[in-house]
Amino acid sequence: MTQTDTRVGPATAGPTPGPARPFWTTRRRDQLTGYLFITPQLLGSAVFVILPLILVVWYSLHEWNVLAGTFDFVGTDNYQALADDPNLGAVLRATGLFSVGLVVFNLGLALLLAVLLNQRLRGTILFRTLFFSPVVVSLVAWTIVWGFLLQDNGGLNSLLDTVGVDGPNWLRGEGTAMVSVIVVQVFKNVGLNMVLFLAALQGVPADLYEAAEVDGASRLRQFWRITVPLISPTILLTSIITVVGSLQVFAQIAVLTQGGPGTSTTVLVYYLYQQAFQFHHFGYGATLSIVLFAIVLALTVLQWQMRKRWVFHES
Amino acid sequence: MRAGKALRGVAVALAGTLALTACGGGGDAADSGPAKLRMTVWSANEAHLKLFNEIADEYRKSHPDVAEIKFDPLPFDSYTTTLTTQIAGGNAPDLAWVFENSAPDFVASGALLPLDDTLKKAEGYQYEDLSPATLKLWQNDGKLYAYPFSTSPFGVFVNTDMVKKAGQKTPAELIAAGQWTWDNALATAAAAGAKSGKAGLVIRDFDYKGWDNLSTFWTGWGAQAWSEDGKTCGFNSPEMVDAMTTLHEATFTQKALPGPGTTADFFAGDSAMTITQISRASLLKDGGFGWDLVPLPAGPKGNYAVVGQAGLGVMKKSPHAKQAADFLAFFTNPTNSAKLAQFFPPPRQSQLTAETLAKTNPKLKPEQLQKVVIDGITNGVVKPSHAGQAELSQQVRAGLDPLWQPNADVKAVLDGVCAKIQPLLAK
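Residue numbers (my numbering), protein chains in the order written: chain P, 1 to 315; chain U, 1 to 427.
Hints in this document: simulated from the structure, not taken from any laboratory. This structure is a prediction, so every number in the text was calculated from the model and none was measured. There could be a bad hint or two in this list.
Said to hold, decoys possible - Straight-line C-alpha distance at most 20 Å; calculated SDA-like pairs for lysine to any residue:
#, chain 1, residue 1, chain 2, residue 2
1, U, Lys255, P, Pro168
2, U, Lys198, P, Ala68
3, U, Lys427, P, Leu82
4, U, Lys317, P, Gly155
5, U, Lys420, P, Ala90
6, U, Lys50, U, Pro75
7, U, Lys198, P, Gly155
8, U, Lys121, U, Lys285
9, U, Lys316, P, Val204
10, U, Lys317, P, Leu82
11, U, Lys427, P, Pro168
12, U, Lys317, P, Phe250
13, U, Lys195, P, Asn153
14, U, Lys255, P, Asn153
15, U, Lys209, P, Phe250
16, U, Lys209, U, Thr81
17, U, Lys322, P, Asn153
Stated by the list, open to error - Chain U is nowhere near these chain P residues, computed Cβ spacing over 12 Å in every case:
#, residue
18, Val135
19, Trp170
20, Arg221
21, Pro261
Cβ coordinates follow ideal geometry from the N, Cα and C atoms, glycine included.
Please model the entire structure based on the sequences and the hints provided.
Structure representation (structure tokens):
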């Protein structure tokens, strides 16, 4: 398309000798076409991403009382409140615990499933479909159903009861609530990482394994020395997606535990929601969202930097 | 160089967007012509909405300056959050229902229009007929900021079939014998629960989170969440410790109440008794099971009643605040108040008689209405409310969580609750 344009451009302008060059040079036309193509996306980003980002910084410098309709500049008061917030430690701990638990469990399980389902056995297609299907289920519907299963007199404990085990009150115990939320989230999304790992595994050349076998390497050694290095770009990708996603968890907490018991599952996004929308501290909520933004940015940059150390094979 | 250009492009795009949003924001300020009113409510019940629309249609016949009155049901669970988000987003309704637990915030914030003058001036309104006790929560500095369109007492609904099957005296029999106390009520609930394999007593909407519903229990011990002036925590008072110790034992030892994380719906036949507002009588199905409605049992401090309230206010910032207030006066005048009484117990003293209420509450007997509704509204304590309730409520919920374990140290947990909320109360 651009090529026809380039030919038409000079032709319509006519061969004009001398220093007066036409305004619409090939280069400018190409640039215009490019900008036109990205305009819809750029507008969308400007309105829904960049503008809110700027506004959030602006809001964080204000005390905004929605009911009274007041919007007062308070400088760094909200940041001071952040430093003095007695709940922040517990919230960050819960956030960290959730993220670490989720990343380790999700990536571990996804890789295990991918390796198992990468074998040439009957029925693997069925299992791949089964493990992937939760990804396409509505998050809230999935969580509500799990909420019923995890109740004290719910499905899981009834099942445990039949084998003589007295199950805990999953969503009400300080320790079990966090584990429950993590497991529900892992089962929801493990299929996505599994598919990414499967694709990566299938890209590993078979002759490498054959050569390793000839050299007498065990299966485990083959996995660590061949599989892991060759799929490391995918491990990086999935870990970034999972870490960023884990920091943004909200619906599961809102539906299953509302941050309880105590504050044991009050992760940063849920706390931010409480402060802004339930307690009407919009300014402080904005401040918390900047903290979240900074954490996500820092972790992503860190992981990106670390890739130089542990991603062996990058195309 | 290229980066500079790109940045300039972004700046231009942003400026354009800002200009666009600025234009959009000005739209509703310059309203002229007939007003379109919107009232947010938390009931999506068809019968409720039908009645509201009938009243609104009648109003519009005589008021051509109001083109439309729309009742906008928001989800019950997130009502206040949704409402404040709408206000924050510049999409505030003209009129709004307000829960009693957010009353102090709304009343004190200046978000609502004072209603006294409009209501007093409205023709045939009979302002002095409104029971002063019901107005208290909605007043600030002598001005009324919302009309308490529903003052609904809490009572105990009883599945008499389940109670009789367990060989227990029914609450009505206990009342007749002067023995309707919490001790007997809990024993009856435990026995009925054990016999049926279902739940005993359910404090509806509590579910080990909505702790303000426990005031229907602890008020019998004379306990309060906080002092009258709202400045001192009441959770570690001796009365509260006694009440909560009884509740804890009833839950974990006596098994009179289902434990945390167990759902049981009285109206589906899952429990022997439930404490809830009388407006829930509409959930009873004909021919489902034998039932009764009785007042709350007596606590160590004797008889008591607890009421839940809902107010209706006009948003001060509404471009049609005057018309909205005028409609509110019509919506709640004596004639319409009598119509609304079939769902929402009214604050009008002249309408708080067993005869009036019986006409519109066919499921309840006159003595039930007298004992639970009328006596309840007259003597009832309103559920706890405080400025900044949402934050307080969250802190109390988190603080009470350790109590809902079988081996909890009640006093220590309640001391912990006070340690959490005292700084907020003292603000």
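Practice prompt. Go through the numbered hints given earlier and state which of them the structure violates, listing their numbers in rising order.
Written response: Of the numbered hints given earlier, those the structure breaks are 2, 4, 8, 9, 10, 11, 12, 17, 19, 21, listed in rising order.
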